[in-house]
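S.K.: Generate the whole structure from the sequences, applying the supplied hints.
2 protein chains.
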Amino acid sequence: MSESMKRLVGLLRQLPGVGEKTAQRLVMALLNAGPDFGPALADAVREVAERVRPCGVCGNLTEESPCELCADPRRERGLLCVVERVPDLLAIEASHEYRGLYHVLGGSLSPLDGVGPDELRVEGLLARLPGEVREVILATSASVEGEATALYLKRRLSALGLKVTRIASGIPVGGELEYVDRGTLGRALAGRREL
Amino acid sequence: MSESMKRLVGLLRQLPGVGEKTAQRLVMALLNAGPDFGPALADAVREVAERVRPCGVCGNLTEESPCELCADPRRERGLLCVVERVPDLLAIEASHEYRGLYHVLGGSLSPLDGVGPDELRVEGLLARLPGEVREVILATSASVEGEATALYLKRRLSALGLKVTRIASGIPVGGELEYVDRGTLGRALAGRREL
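Protein sequence lines, in the order shown, are assigned to chains A and B.
The first sequence begins at 1 in the working numbering and counts up by one.
The second sequence begins at 1 in the working numbering and counts up by one.
Keep in mind the hints are simulated off the structure, nothing from the lab.
One or more of the hints may lead you astray.
Pairs involving identical chains hold if they fit within one copy or between any two copies, as the list cannot separate such chains.
Straight-line distance between alpha carbons at most 20 Å, and here's what the computed EDC-like set of lysine to aspartate or glutamate pairs gives [unchecked claim]:
| id | residue 1 | residue 2 |
| --- | --- | --- |
| 1 | 163 | 145 |
| 2 | 6 | 47 |
| 3 | 6 | 64 |
| 4 | 163 | 64 |
| 5 | 154 | 135 |
| 6 | 6 | 20 |
| 7 | 154 | 36 |
| 8 | 163 | 147 |
| 9 | 154 | 123 |
| 10 | 163 | 123 |
| 11 | 154 | 132 |
| 12 | 21 | 3 |
| 13 | 21 | 132 |
| 14 | 21 | 145 |
| 15 | 154 | 118 |
| 16 | 6 | 181 |
| 17 | 163 | 132 |
Note that the structure is a prediction, hence the values are computed from the model and not measured.
M.R.: Structural data, given as structure tokens:
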């Protein structure tokens, strides 16, 4: 492999989930993708690296601050959905089920990894509340850390007189009971609703 | 997602094996990798795209033609290993079991996909032979197309008075017989050697 290919493989390998084989495969694909592809990709990478920053209000990744979601007058300003990371926000947007605002924490509480409230965007969240917000939806993940983060936030927010909700946990749509793990089944039963 | 992020995701999705989720994950990882990473990656992509070309002799990807393998005086010039693609060459190099030269065909014969001998680097191979070469090792894959390509090349090379060999097919190292497919087991038996 040539020096420039080795250098590119080395950089790609620094990305999480990209090993030697995947990096090599990406470099080969880049070289097979036609003469215009490489320069276009290089420009796009540089633009993203130079222009994209966290939104000063919600923490979403954006080229302008406040971001397009915070600035959108059609979004419901009474609803604030708290997520761990930007991909979670993108997943909720892709569901087309939510039209409120967001707050990205930047992770979840994990004392063993040295992540306490000060490492997350918690003060920024409190600074936005209550304002116009009526309800805070805690959409942290259903992991131990995500649950701990939700409970911690619930406690911090309880004095503000807001409605604080947690997204439902249960059987995934299309999921067969037989193959669902015990924990999820337990949650699904505990969270049952009247029809 | 911002415009520049959407553009980068769109380009990454053109690479084989990269879907929407993987592309998004790569963009997020790029943004999390520190301020120097993005520009460094953009430069590396551009350099590869501008500098790397197929070697005029063997078809390996290189910044100079002939490539470092063709030009290396320590390589055995009597051995020529024919592979389908550059990643196959890299895999053989990584095994440290081979010190001869290579020839990259650019694929395998596949009439249904419109790939005949003219679409592969076959004439370039014949133009190199016999010269110093004593043995041609056919290291095309063990698929139907790879076998057909090996048989075709064997026929084309037979008049040149060369030794033509095929890499062995059989149980992978560490493989348990119980879990090996019928075809591989059949090949392993047919290709048995005296101990």
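S.K.: Look at each hint and say if it fits the structure.
M.R.: So, going through the hints one by one against the coordinates:
no.	hint	in the structure
1	163 to 145	neither (22 Å within a copy, 64 Å between copies)
2	6 to 47	between (23 Å within a copy, 11 Å between copies)
3	6 to 64	between (35 Å within a copy, 15 Å between copies)
4	163 to 64	neither (30 Å within a copy, 66 Å between copies)
5	154 to 135	within (12 Å within a copy, 74 Å between copies)
6	6 to 20	within (10 Å within a copy, 26 Å between copies)
7	154 to 36	neither (51 Å within a copy, 38 Å between copies)
8	163 to 147	within (18 Å within a copy, 67 Å between copies)
9	154 to 123	within (14 Å within a copy, 72 Å between copies)
10	163 to 123	within (19 Å within a copy, 75 Å between copies)
11	154 to 132	within (18 Å within a copy, 78 Å between copies)
12	21 to 3	within (17 Å within a copy, 30 Å between copies)
13	21 to 132	neither (50 Å within a copy, 34 Å between copies)
14	21 to 145	neither (32 Å within a copy, 23 Å between copies)
15	154 to 118	within (16 Å within a copy, 69 Å between copies)
16	6 to 181	neither (43 Å within a copy, 36 Å between copies)
17	163 to 132	within (12 Å within a copy, 82 Å between copies)
Hints 1, 4, 7, 13, 14 and 16 from the earlier list are contradicted by this structure; the remaining hints agree with it.
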